[in-house]
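Participant: Here the structure of chain A is known, so what remains is to put chain B in place on it, guided by the hints.
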Amino acid sequence: GDSVTQMEGPVTLSEEAFLTINCTYTATGYPSLFWYVQYPGEGLQLLLKATKADDKGSNKGFEATYRKETTSFHLEKGSVQVSDSAVYFCALRGNFGNEKLTFGTGTRLTIIP
Amino acid sequence: GAGVSQSPRYKVAKRGQDVALRCDPISGHVSLFWYQQALGQGPEFLTYFQNEAQLDKSGLPSDRFFAERPEGSVSTLKIQRTQQEDSAVYLCASSWDENTEAFFGQGTRLTVV
Numbered sequence: 001g002d003s004v005t006q007m008e009g010p011v012t013l014s015e016e017a018f019l020t021i022n023c024t025y026t027a028t029g030y031p032s033l034f035w036y037v038q039y040p041g042e043g044l045q046l047l048l049k050a051t052k053a054d055d056k057g058s059n060k061g062f063e064a065t066y067r068k069e070t071t072s073f074h075l076e077k078g079s080v081q082v083s084d085s086a087v088y089f090c091a092l093r094g095n096f097g098n099e100k101l102t103f104g105t106g107t108r109l110t111i112i113p
Numbered sequence: 114g115a116g117v118s119q120s121p122r123y124k125v126a127k128r129g130q131d132v133a134l135r136c137d138p139i140s141g142h143v144s145l146f147w148y149q150q151a152l153g154q155g156p157e158f159l160t161y162f163q164n165e166a167q168l169d170k171s172g173l174p175s176d177r178f179f180a181e182r183p184e185g186s187v188s189t190l191k192i193q194r195t196q197q198e199d200s201a202v203y204l205c206a207s208s209w210d211e212n213t214e215a216f217f218g219q220g221t222r223l224t225v226v
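Residue numbers (my numbering), protein chains in the order written: chain A, 1 to 113; chain B, 114 to 226.
The set of hints was computed from the structure by calculation and includes no laboratory data. Possibly wrong hints are sitting among the right ones.
[Claimed, not checked] If the Cβ cut is set under 7 Å, some of the chain A residues that face chain B in the computed set are:
(1) Leu-44
(2) Leu-46
(3) Phe-89
(4) Lys-100
(5) Thr-105
[Claimed, not checked] Lysine-lysine pairs mimicking DSSO-like chemistry, simulated, CA-CA at most 30 Å apart:
(6) A/Lys-52 x B/Lys-170
(7) A/Lys-60 x A/Lys-77
(8) A/Lys-49 x B/Lys-124
(9) A/Lys-56 x A/Lys-68
(10) B/Lys-191 x B/Lys-124
(11) A/Lys-52 x A/Lys-68
[What the hints assert, rightly or not] Estimated spans, in silico, between C-beta atoms of each pair:
(12) B/Gly-141 x A/Tyr-39: 23 to 29 Å
(13) B/Asp-210 x A/Gly-1: 31 to 37 Å
(14) A/Val-82 x B/Gly-153: 20 to 26 Å
(15) A/Gly-1 x B/Gly-153: 19 to 25 Å
(16) B/Gln-163 x A/Ser-79: 37 to 43 Å
Predicted model only: the values in this text are computed from it and were never measured. Glycine is no exception: its CB is placed at the ideal position from the N, C-alpha and C atoms.
Just chain A, with the same shape it has in the complex (with noise of 0.2 Å):
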């Protein structure tokens, strides 16, 4: 079946830091891939995605390139703010009239001022 494996955390980098989350997957087809982000105290919200093979998906900074070669989904930032602290999960949706998300176990992100 479909997974995600991603880079456990916790992390924890200094502000204005480059930020590297590792994230690749396993899936039939063409699945779309997604960063979900979880603020504390609130919920899942999608930070970013992409639908097909060399899809970079941006937001907020954030960038993820869909590798289909790699099978992988890595989310990057060039600059972190201490507001970038939370919780990243990578997903994806199969095709195939699959619609669930599948998602990784998630990466705690903290940045230090």
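Facilitator: Below, chain B without anything else, positioned relative to chain A:
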């Protein structure tokens, strides 16, 4: 309301009790999903509705779990004879259809003692 609303936010149940968790999706959203999120893990799919039809219940862990959406709007997840392993956050998500962004509620944290 503007978002997905879940109630109660917190529920403590004694082992063996029945519980009912409610989800109010965004008005007009056709698709509704339930996920279970154990501590330190990513959400795991439980079941999916399209309007009032339950199209996929493959993620329900046992026959003690039952979900309904009788009028195609509000949904209830019922757990009978709760066990300690049922302790988790139960998330509801809704979307216009199966291919558009899913919006998540803040979840119900169930603790079985």
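Participant: Find the hints from earlier in the document that the structure breaks and name them by number, from lowest to highest.
Facilitator: Hints 8 and 13 not satisfied by this model.
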